[in-house]
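J.: What follows is each chain in one-letter form.
Number of protein chains: 2
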Amino acid sequence: MTTNKNISNISIGIILFPNLTQLDFTGPYEVFSKLPNTQVYLLSETLDPIRSERGLTFLPDTTFAKAPDFDVLVVPGGPGVNLKLEDSQFLHFVRTRGEKARYVTSVCTGSFILAAAGLLQGYRATTHWRSLDLLQELGVQVVSERVVIDRNRITGGGVTSGIDFALAIAAELFGDAIAQEVQLAIEYNPQPPFQSGSPQTAPPDVVTRVEASTQNMYNTRRQIIQKIKSEFKTTVF
Amino acid sequence: MTTNKNISNISIGIILFPNLTQLDFTGPYEVFSKLPNTQVYLLSETLDPIRSERGLTFLPDTTFAKAPDFDVLVVPGGPGVNLKLEDSQFLHFVRTRGEKARYVTSVCTGSFILAAAGLLQGYRATTHWRSLDLLQELGVQVVSERVVIDRNRITGGGVTSGIDFALAIAAELFGDAIAQEVQLAIEYNPQPPFQSGSPQTAPPDVVTRVEASTQNMYNTRRQIIQKIKSEFKTTVF
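The listed protein sequences correspond, in order, to chains C and U.
Residue numbering for the first sequence follows UniProt numbering, starting at 1 and increasing by one per position.
Residue numbering for the second sequence follows UniProt numbering, starting at 1 and increasing by one per position.
Among these hints, one or two may not hold up.
DMTMM-like cross-link-like pairs, simulated, lysine to aspartate or glutamate; straight-line CA separation at most 20 Å [claimed, not checked]:
(1) 229/U x 87/U
(2) 34/U x 211/C
(3) 34/U x 205/C
(4) 229/U x 86/U
(5) 34/C x 86/U
(6) 34/C x 211/U
(7) 34/C x 53/U
(8) 100/U x 53/U
Keep in mind the hints are simulated off the structure, nothing from the lab.
Given these sequences and hints, build the entire structure.
T.: Right, here's the structure in full:
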């Protein structure tokens, strides 16, 4: 259990973009920032403040142009993913940095960005439950699990899965004991007040309402997926 | 179960200060920002960016001077709490806004700020496991639970408890069904990779190491508590 791998000077790069879901990366950030000899970078195309989906605004600490190579590349998700799926410059950066990283990872719908960058085809991976079927359209072997590790691809499910995901990465990098210390430090002893965290356990009317309220976002994403999928056939794949 | 209380125009004020633990409030923010007819304010003494404990930096959206009254006042915790426990102007703001709020709440060691502001004496409340005994010194009826509701005081344990805490507040404000929708939207179906989230379940050597690494912070906090406790006897209580 106590397999401290003593890897030093780990660099973790989290890619920020407008309208992301902030908890997709702030959960993992809390875990990563407590790891020994680890530098976490929040990188964006510019140093402009990044406004997340509901308003919370962050300052990136480096740009794509100035960012070092990373041991772990992390892509969060959120509504802002849709716009990035057709941003070839953004996807080029993700692809080139992903190809050099030891671990290529995402939380929530960040997996769509990895897939659009050509980094998830032929891998088992997951995403937010609402978008699982769409991810399959991009040639990903989609599985409905909270954290999926397939070789050096590590993907988490929706939003809060980022905490489980980051603890799994901590264990990969530093061994179980260090991951357990971080879990204790952040008192991650979850006790959700309801059993409503997945469509399999939530009351059916709750699932119906959440599906309805996210239908427009889903439709838009589906259209974009259909479009980039046909482009992929002549280029990436 | 479906008790939508139809309360409209809820205002939630989250108090930011330097060196806070960012997940203490970014977890709750994700929940609160998805509630209907709810405005979430991130307030600070000035509009200067707030650097959290490990570097992640946020922009507040209003100042203490300009902030409206709040239905729910939320105080996160972190190492930065220590400095605020002796900041009389800061504590005066918390006390006066807290006295007017419908719910006075905290996550993690934010409960020390509520206590130092005179808002928790005689109430059942909780805090991060590492500081439970110190909170008792301030006249709080300390309990080791993940989320504690005593009349209109709602307090959460360490860091990640903020998600459970915020869902409990969502249910208080809007009924169970709305809270369940938010839980599903953020896929809060936790599956921690280890059973290390509390000192009762973590391996003993893991507890020992986390206690050792936080001993300096604990000692400093204990000294401050002893000091403000003696001042309290002649003033607040």
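J.: Taking the hints in turn, state whether each one holds.
T.: Hints, verified against the model:
| no. | hint | verdict |
| --- | --- | --- |
| 1 | 229/U x 87/U | holds, 14 Å |
| 2 | 34/U x 211/C | holds, 14 Å |
| 3 | 34/U x 205/C | holds, 18 Å |
| 4 | 229/U x 86/U | holds, 11 Å |
| 5 | 34/C x 86/U | violated, 27 Å |
| 6 | 34/C x 211/U | holds, 14 Å |
| 7 | 34/C x 53/U | holds, 10 Å |
| 8 | 100/U x 53/U | violated, 29 Å |
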